[in-house]
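Chemist: Letter by letter, the chains look like this.
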Amino acid sequence: MAQSILTDIKKAAKKSLKAREDELADTQKQLEILSGDLFAGGDLPFFKDKISESGQFPLKPKKLEVLQINVGYMCNQVCAHCHVDAGPDRQEIMTRETMEQCLEVIRTTGAHTLDLTGGAPEMNPDFRWFVEEASKAGIQDFIVRSNLTIILANKKYHDLPEFFKKHNVHVVSSMPHYTRGKTDKQRGDGVFDKSIKALQMLNKVGYGMPNSDLRLDLVYNPSGAFLPTDQSAMERDFKKALKEDFDIDFHNLFAITNLPISRFLDYLIASDNYEDYMYSLVEAYNPAAVENVMCTNTISVSWDGWLYDCDFNQMLDLKVASKVKHIKDYNDDVLNNRDIIISQHCYGCTAGAGSSCQGTVA
Amino acid sequence: MANSYYDPADLRKFGNITEWSEELGNKFFDYYGKVFEEGALSAREKSLIALAVAHVVKCPYCIDAYTKDGLQRGITKEEMMEAVHAGAAIESGATLVHGVQMMNKYDKLSM
Numbered sequence: 054m055a056q057s058i059l060t061d062i063k064k065a066a067k068k069s070l071k072a073r074e075d076e077l078a079d080t081q082k083q084l085e086i087l088s089g090d091l092f093a094g095g096d097l098p099f100f101k102d103k104i105s106e107s108g109q110f111p112l113k114p115k116k117l118e119v120l121q122i123n124v125g126y127m128c129n130q131v132c133a134h135c136h137v138d139a140g141p142d143r144q145e146i147m148t149r150e151t152m153e154q155c156l157e158v159i160r161t162t163g164a165h166t167l168d169l170t171g172g173a174p175e176m177n178p179d180f181r182w183f184v185e186e187a188s189k190a191g192i193q194d195f196i197v198r199s200n201l202t203i204i205l206a207n208k209k210y211h212d213l214p215e216f217f218k219k220h221n222v223h224v225v226s227s228m229p230h231y232t233r234g235k236t237d238k239q240r241g242d243g244v245f246d247k248s249i250k251a252l253q254m255l256n257k258v259g260y261g262m263p264n265s266d267l268r269l270d271l272v273y274n275p276s277g278a279f280l281p282t283d284q285s286a287m288e289r290d291f292k293k294a295l296k297e298d299f300d301i302d303f304h305n306l307f308a309i310t311n312l313p314i315s316r317f318l319d320y321l322i323a324s325d326n327y328e329d330y331m332y333s334l335v336e337a338y339n340p341a342a343v344e345n346v347m348c349t350n351t352i353s354v355s356w357d358g359w360l361y362d363c364d365f366n367q368m369l370d371l372k373v374a375s376k377v378k379h380i381k382d383y384n385d386d387v388l389n390n391r392d393i394i395i396s397q398h399c400y401g402c403t404a405g406a407g408s409s410c411q412g413t414v415a
Numbered sequence: 002m003a004n005s006y007y008d009p010a011d012l013r014k015f016g017n018i019t020e021w022s023e024e025l026g027n028k029f030f031d032y033y034g035k036v037f038e039e040g041a042l043s044a045r046e047k048s049l050i051a052l053a054v055a056h057v058v059k060c061p062y063c064i065d066a067y068t069k070d071g072l073q074r075g076i077t078k079e080e081m082m083e084a085v086h087a088g089a090a091i092e093s094g095a096t097l098v099h100g101v102q103m104m105n106k107y108d109k110l111s112m
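Top to bottom, those sequences are chains A and G. Going by our numbering, the letters in the first sequence line up with residues 54 to 415, in that order. Going by our numbering, the letters in the second sequence line up with residues 2 to 112, in that order.
The set of hints was computed from the structure by calculation and includes no laboratory data. Take these hints with a grain of salt, some might be off.
[Stated by the list, open to error] Computed list of lysine to any residue pairs in SDA-like fashion (alpha-carbon distance at most 25 angstroms, straight line):
| # | chain 1 | residue 1 | chain 2 | residue 2 |
| --- | --- | --- | --- | --- |
| 1 | G | 78 | A | 266 |
| 2 | A | 238 | G | 76 |
| 3 | G | 47 | A | 337 |
| 4 | G | 35 | A | 341 |
| 5 | A | 296 | G | 42 |
| 6 | A | 292 | A | 266 |
Next comes chain A alone, as it looks inside the complex (with noise of 0.2 angstroms):
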């Protein structure tokens, strides 16, 4: 039985939900199912009430450190747990002239991180220019979250890492695990063994090595209905069978909890895993996750220059409380002093030792 409905979810995903029309495409429909039965009906307390009890509602920002942009939904490939329900058949793409307007904010911001991400960033045809121009500003860490794959995908992105290295840029990219059943049930066939070629061909120009300043970071996403434990501990696992196996180098390992929402959030319905996964979620809460969740010190920037606390805030269309609510009116004083915007998704960032688009935060 568990086994058809999974078998149905890996056709079902190789569109993205918006492509499929299915319900959970509808934003609204997520937030209504976040704040359902579960928690309505007292099984579970709200996000709200749970931070309530340290006297951390309402969230506030701290000083800003992280300008997340999203340059486009569009992406090679579709995976299961996607939080952006990216694929092929999204069409959303950041223009040039978004792109103008946030390099501004770049040139000006106090933040020490920049963050591309997408979909697959390189897939927007103005990504190079874009890199070029934001590499110009001096901000201490550029990071690009890349799918691996890409590098791969056409001839014209077979030059990537020396691309990257060119214009000094952190790699952050995703991987599973270090067997390829477990990769490839999650991100689609034969990514694993495009992963590791990219990997080597990364190495090979220098990244990931150790000592040197070419960082290559990876990002582990449990597969499955579960949390993430240990980062020090899978990072210690995959460096070894990396190395042993393929003799691949990287830095450090970010371990990042799936959030229920978009993709997630239909297989954990369709599998019959969400009620049990929200109890995992709130049951691992930590107060001192909460301290230093991602939202307090970043800005993400969706494709069409809207503001939102973090990315799957973006992807739940809940944009900043804040007079100040596109970039091109960007405000550090004004946004600075918002309320973040909360519900029950919030609970993967605070489970364990928390999460974050760098890994954990406690």
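Take the given structure of chain A and dock chain G to it, following the hints.
Modeler: Relative to the frame of chain A, chain G by itself:
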């Protein structure tokens, strides 16, 4: 009342056993937590031992708990199944080694 002896949701209520005997319950959970910390054995190795024992004592709650724990630790299904076989081998060996007792008794009683 539930109409079956095992309800998966009961696992979440395990901590409630302290309500009827706080001191002993707390002592047990302190001990339990300590046992599974990193030590001379890694937490990962102990998780696999727990999974094997869970099968031998045939505890459905423990099997659910340590399958999930193993997944969280990145333990592969091949490793999990080998651990179950290790438990099964000891359990069947424990049965079979009594065969010596049977043989002894048989010999003693036979002319």
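Chemist: The structure should be examined with respect to each hint, and the outcome stated for every one.
Modeler: Going through the hints against the structure:
no.	hint	in the structure
1	G/78 x A/266	36 angstroms, violated
2	A/238 x G/76	16 angstroms, holds
3	G/47 x A/337	21 angstroms, holds
4	G/35 x A/341	22 angstroms, holds
5	A/296 x G/42	23 angstroms, holds
6	A/292 x A/266	18 angstroms, holds
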